[in-house]
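Hey, can you work out the whole structure from these sequences and the hints?
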Amino acid sequence: MSTLISGARVLLECLSREGVEVIFGYPGGVTLPLYDAIYDNPIKHVLVRHEENAAFSAAGYARATGRVGVCCATSGPGATNLTTGLVDAMMDSIPIVALTGQVLSKLIGTDAFQEADTFGITRPCTKHNFLVKDIKDLAQTVHEAFHIASTGRPGPVLVDITKDVLMAMSHYTPVTEIHLPGYKVVTDGHAGQIRRAAQMMWESSRPYVYAGGGILASGATPELTELVDTLDAPAVCTLMGLGGLSSSHPNFVSMPGMHGSYAANMGMYECDLLIALGVRFDDRVTGRLAAFAPHAKVIHLDIDPAEISKIRTADLPIVGDAKKVLAKLNRNLKEMEAEMAPLHSEDRKAWWKQIRAWKEEHPLAPSFSTDEIKPQHLMYEIDKLSGGEAIVSVDVGQHQMWAAQFIRFNNPRTWICSGGLGSMGFGLPAAIGAQMAHPDQLVFAICGDGGFQMAIPELATLANQGLPVKVVVMNNGYLGMVRQWQDLFYNNRLSSVEICSFPNIEMLAGAYGIKGRIIRSPLELVPALKEMIAEPGPYVLDVRVTQFENVYPMVPAGGAINEMVLAPPQPVAVP
Amino acid sequence: MLMTISILMENKPGALMRVTGLISQRGYNIESLTVARTLDPMLSRMTITVDVDSRQRSQVIKQMNKLVNVLQASDLTESPAVLREMVLLRVRATMENRTAILKEAEIFAGRVVDSSVDGFAIEATGDPEKLEEFIAVMEAYGDIEVTRSGMVAVSLESKKLRLAPPVSKHHDEPVEAK
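Same order as they appear, the protein sequences are chains A and B. The numbering used here applies: residue 1 is where the first sequence begins, and numbers increase by one. The numbering used here applies: residue 1 is where the second sequence begins, and numbers increase by one.
Since the hints were made in silico from the structure, they are not lab data. Cβ coordinates follow ideal geometry from the N, Cα and C atoms, glycine included. Warning: the hint list may mix true and false statements.
[To be verified] Derived list of chain B stretches under chain A, where covered just means 3 residues or more per stretch with a C-beta under 8 Å from a C-beta of chain A:
(1) 52 to 65
(2) 112 to 126
(3) 151 to 164
[Unchecked claim] Mimicking SDA-like on lysine to any residue, the simulated pairs with C-alpha atoms at most 25 Å apart in a straight line are:
(4) A:K184 <-> B:L8
(5) A:K349 <-> A:K184
(6) B:K62 <-> A:D188
[Stated by the list, open to error] On the chain A side, residues computed to face chain B include the following (Cβ under 10 Å):
(7) R17
(8) K127
(9) I178
So, in structure tokens, the structure goes:
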């Protein structure tokens, strides 16, 4: 018989059996038994400086690896602080397990110190959540949590554990079986539908691949690449799907949507077959629905049946895991190739000619200036120096869009971005998670001056862990994206968007023992980036860029994707 | 339109909250909801009527079926099903109209469950339209007080219950269902 161990140690045993290497967390009163057990446990604990960042770091780890990220917080404020990170992971289908402490079970409902209804609060923030009040349920529940987080459409799962359960003495009995009768995951895809999809693809004159986060979640990059090669179809990756198909692949057009390229959006508009793979027809991609891919039949592959025909009715739905389904689809395509490929080869040539013409007509070209650093120029140089191989974690706003437009991602899971929720303050803690997972890789955290200030406390975590994250602050002195909308849609009445009193980065970083530098001239840009990359430790580079630059192309909210605003309106000459 | 959903779910803490939370989260409005244990005490049966755009009906069902505690959610709106609701009603009666009230109640197959000098308490079951009429008729006799149970429904089609098989923990391969 095994020896009696505490609930906290049972929990850690479960985590180690799930392959957990690192927990991002913040201790507190009711998690004391857990932290006592962590003290001499091989699982590494990274002390963050705010629980929200624990969730973001766990998500950064998960996004960079595909494995379940783990975060931990105490009851009450610890748990409520996690919620933004949980919703963020929910929106982007990121597998994380959040562990929270809860007050003693006998105190639940008494408004005890640091009591909050974590189970109730996090219900809509998670794929599923649990409250454990009995040590007998602990191990089974923790393994169920990992199972739910990592299978099907991934997502965050929270396990709230009362302090008495963490303290209770028991044996760890290995869990051999997970039985969740209501948790049905369809992965294989309907063989007939897959065959029909292959047929439709060959029958199409203007096929267009629209690939999203589902490709990354299922690790389907090789299968997607094969499909694009076989069909020789142009392909776009959504904000969540960047890196799902290498940005250097000749068929990659770019990102579509509100700030997508002209060619990417025109392709969407003119295609006759939209091959939607692991996407959810987000409003930031589609613009006005009636004008979205109006001439196209839609093949929609997703592991979540509720996504199919939620926004756009699918002509051919396939429910399944992208990797499995695309592998079968590729076999079908190959079988039909000899017979069907010649059918529309002339149309296909014309289609490619058209796509290339759009690309040449309005390319995504960075702008340069000799007087000031253009934000696009900054992204262009980061791209040149990283060669599409770095991990880039971003915040939310203008810099995020420029990074998505100008930085290439040759590999999946190298673009770390809060897509659905758009959480400011995400970039730095997510980069910490990614760097923990890949200590030897070059990891950038590109932030705006707004989002960076939401994450400043994590500079302490960087210094503390000695993580060599390269923090680039694209500093335009404004909450740029909100300013852009005030400029375009609110008569340029700039209300509460100017960021005054931005700290001196050299002094700020220096206060944490981190190197920092401020640059203002385009001539300093490349040397400063090189110096930053050469630095073995963390580095914060404050790049003062053009203040009033707007992101283009732009599809105004609710506009049609073929009616992009391509450039700022020309100033009217005043006589 | 009003949509009737029948849900078979695990009788676990928070399961009801998940269903009702989902409905408000997705912007729908609950008209009525009833829930009770089934023969198997581990399971509950819930009947909900929801006001949704008719194009959203399949989306509602798909979202319900995604809940881990939900074993099966079915749309009974247009499928063969018996729908019933119960109303408990108190009506003030005078000595003059007592007999008339009892006669009306009889027409609606209502049953008197309490009688006093002030009036009657009557229970009636039926489909919602019939109960609406019953309530309207009773209102004509005097002050009434009404409690409605919300709809309960049973499907007349036998739908196969498909459940996820147990998954063995270490190989992640499905094992034979017991």
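These are the hints, each one checked on the structure:
1. 52 to 65: holds (count 5)
2. 112 to 126: Violated: only 0 residues of the region 112 to 126 of chain B have a Cβ under 8 Å from chain A.
3. 151 to 164: Three-residue rule met by the region 151 to 164 of chain B, so holds; n is 3.
4. A:K184 <-> B:L8: holds (14 Å)
5. A:K349 <-> A:K184: Violated: K349 (chain A) and K184 (chain A) sit about 43 Å apart, past 25 Å.
6. B:K62 <-> A:D188: holds (18 Å)
7. R17: Check passed: Cβ of R17 (chain A) comes within 9 Å of chain B, closer than 10 Å.
8. K127: holds (8 Å)
9. I178: holds (5 Å)
Checked against the numbered hints given earlier, the structure breaks hints 2, 5 and satisfies all the rest.
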